[in-house]
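Undergrad: These protein sequence lines map, in sequence, to chains A and B. Be aware that the first sequence starts at 1, since it is given in my numbering, and climbs by one per residue. Be aware that the second sequence starts at 1001, since it is given in my numbering, and climbs by one per residue.
There may be inaccurate statements among the hints.
Simulated DEER-style distance windows between Cβ atoms [stated by the list, open to error]:
#1 A:Thr-115 with B:Arg-1048: 29 to 35 Å
#2 B:Phe-1005 with A:Gly-108: 39 to 45 Å
#3 A:Asp-225 with B:Asn-1073: 32 to 38 Å
#4 A:Thr-152 with B:Asn-1073: 53 to 59 Å
#5 A:Arg-141 with B:Leu-1050: 55 to 61 Å
#6 A:Asp-232 with B:Asn-1101: 52 to 58 Å
No wet-lab data here; the hints were simulated from the structure. Note that beta-carbon positions come from the ideal geometry of N, C-alpha and C, so glycine has one too.
Residues per chain are reported as follows:
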Amino acid sequence: MDFLSEHQPEMLPGNRQLPPMQGVIEAPHGTTIVAVTFPGGVVLAGDRRATMGNVIAQRDIEKVFPADEYSAVGIAGTAGLAVEMVKLFQLELEHFEKVEGAQLSLEGKANRLSTMIRSNLGMAMQGLAVVPLFAGYDVDRERGRIFSYDVTGGRSEEHNFAATGSGSVFARGAMKKLYRGDLTEEQATTLVVQALYDAADDDSATGGPDVARRIYPIVTVITEDGFRRLTDEESSEIARSILERRLEQPDGPRAALL
Amino acid sequence: MSTPFYVSPQQAMADRAEYARKGIARGRSLVVLQYADGIVFVGENPSRALHKFSEIYDRIGFAAAGKYNEYENLRIGGVRYADLRGYTYDRDDVTARGLANVYAQTLGTIFSSAGEKPYEVELVVAEVGETPDGDQIYRLPHDGSIVDEHGSVAVGGNAETISSYLDQRHQDGMSLAEALKLAVQALSRDTNGSEREIPAERLEVAVLDRTRPQQRKFKRIVGRQLGRLLEAGGASTEAESSDEAEGSEEE
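Taking the hints into account, I'd like the entire structure generated from these sequences.
TA: Printed below as a string of structure tokens:
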């Protein structure tokens, strides 16, 4: 990125001149991303909807990307900018790894992403914000970790679970009631899909599982063995079993009162 | 005022070439071979930290003999070129041919500019294809020319002896263990024809393996995996090495 800013500054998302204009630009926005840690790793998942105002811009957008072998980014906010930011982020991690012959630490990666978001602040003030969620497996500490960001690039480590995007309020509520410290990988993947279902239930900009079109949330798992994205069959299996239970209990599993 | 000596351009170039060749000849040689599932790089390298081989991009690997600081410079330049290309256009648009051209330009310019000393390096740029026919290996000598190689190539000090040895014995469709064995045999031949033993700890081995599920095909072979492969190549030539190589150790 430093090399790029010296040689071809116009390639960097933050360095482009914006046309002077009033009001908010209408561009597709991505919505809800959730993450949960479990002993041995972390799960990052996102819904598939992109909205533009009150219109559904895309039903099958992909918002969760591998950043490198041991980390992934989920993006909420202006889709075009966010996808480009992720592309640059992936490139930078790979570039560092090749030049130095070693991987960046997870903290290092999280800090780098923070700088990139801050460089986008000008655009964010015009309504083109990008707010990602970064999750990875810390090889040194041997556990999964989650980092959340605000539009100014402020970074904070989240413990246990986190969510970002318009449906995050509802997703976080759901996760708070469902989370336990001893989740297995399978339970963690079910938990995130439950949370996304609840977010879609109450937030119009978040898409639920689309059975008719066979569009299901993207669920990724990062463990010691590296990044893995659940296949369509696996995530549809989870979504279907949740749907089935929700036919009986539309509000989902109930937590104990006391 | 004294008149400067006249040196004919031929003489000047010959001197520079001689200088570069001598520098390269001081370094240890390395070989690059095609095998059934990709391309293998083998070299003698006592250092664990300073690599002779490196990944440039998804399917492209880099090998260099000569002066470390000079080829390291070129390597980083290559990684930058490839990453910038891939980011601007697409990952598929980064090719070994393009990269070799850039290297040839750089080396050629440095070689013929009077102000700088010529680089004492010889490079190999290799790209692994979907099939063995798609594999490309380019050798770039110090003067900026490009040689398109097939099957096997050796660069460094003892390159001529080694490459003639390899040319006679290399076949298409060798397994990784066979190719590795041949490479080690070739490297252990000295200029005067005698042979010496190269211990496994002094070998640096890397592959561009087309069967790897990841996008990035480059992988270093170290430690136990290397020992296993060397044994497999030594014991029986038809060992199922490619399956073994896929096994446990990931970087």
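Undergrad: Taking the CB of A:Arg-141 and the CB of B:Leu-1050, does the distance hold inside 55 to 61 Å?
TA: 30 Å, violated
Undergrad: Has the hinted range 29 to 35 Å been met by the Cβ atoms of A:Thr-115 and B:Arg-1048?
TA: 32 Å, holds
Undergrad: Has the hinted range 52 to 58 Å been met by the Cβ atoms of A:Asp-232 and B:Asn-1101?
TA: 41 Å, violated
Undergrad: How does the Cβ-Cβ distance of B:Phe-1005 and A:Gly-108 compare with 39 to 45 Å: does it lie in that range?
TA: 56 Å, violated
Undergrad: Between A:Thr-152 and B:Asn-1073, does the C-beta distance stay in 53 to 59 Å?
TA: 38 Å, violated
Undergrad: Do A:Asp-225 and B:Asn-1073 keep their Cβ atoms within the hinted range of 32 to 38 Å?
TA: About 36 Å separates the Cβ atoms of A:Asp-225 and B:Asn-1073, which means 32 to 38 Å holds.
When held up to the earlier numbered hints, the structure conflicts with 2, 4, 5, 6 and fits the remainder.
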